[in-house]
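Peer 1: Residue numbers (our numbering): 163 to 247.
Hints are computed from structural coordinates only; laboratory data are not their basis.
Take the hints with a grain of salt, since some may be wrong.
[What the hints assert, rightly or not] Below 25 Å or equal to it, Euclidean Cα-Cα: the simulated SDA-like pairs (lysine to any residue) are:
id, residue 1, residue 2
1, K212, I222
2, K212, P236
3, K212, A185
[Said to hold, decoys possible] Restraint-style ranges between C-beta atoms, simulated for each label pair:
id, residue 1, residue 2, range
4, S211, D180, 38 to 48 Å
5, F233, A188, 22 to 32 Å
6, A210, P176, 21 to 31 Å
7, V195, I175, 23 to 33 Å
These numbers come from a predicted model, not from an experiment.
C-beta: ideal position from N, C-alpha, C; glycine also.
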Amino acid sequence: MTQLTGSVETPTIPLAYDLTWTALVAACVALTVAALVSIFRTPHDRMASKFWWSSFVVVIPFVGAGVWFLFGAPPLRRAQAERSS
163 MTQLTGSVET PTIPLAYDLT WTALVAACVA LTVAALVSIF RTPHDRMASK FWWSSFVVVI
223 PFVGAGVWFL FGAPPLRRAQ AERSS
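Please model the entire structure based on the sequences and the hints provided.
Peer 2: This is the structure in structure tokens:
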């Protein structure tokens, strides 16, 4: 039997790349979950609009969540006024 001495480098990707991809995936998951929570907490005229928005966010996570926050989510002041009334 042979013994390994010293450190052994792994033949996989460098640690910096691994951490970067992990952070990007975590950010994408967090953005998608935040968009879905926002969609289901937003009052809509029709229930189908929640379905289509959530489908869009799930199918194309990063783009769908960005589009939701830019164009689909109601302005903050209007949403707060609707909750308080």
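Peer 1: Kindly indicate which numbered hints from before are broken by the structure, ordering the numbers from low to high.
Peer 2: 3, 6
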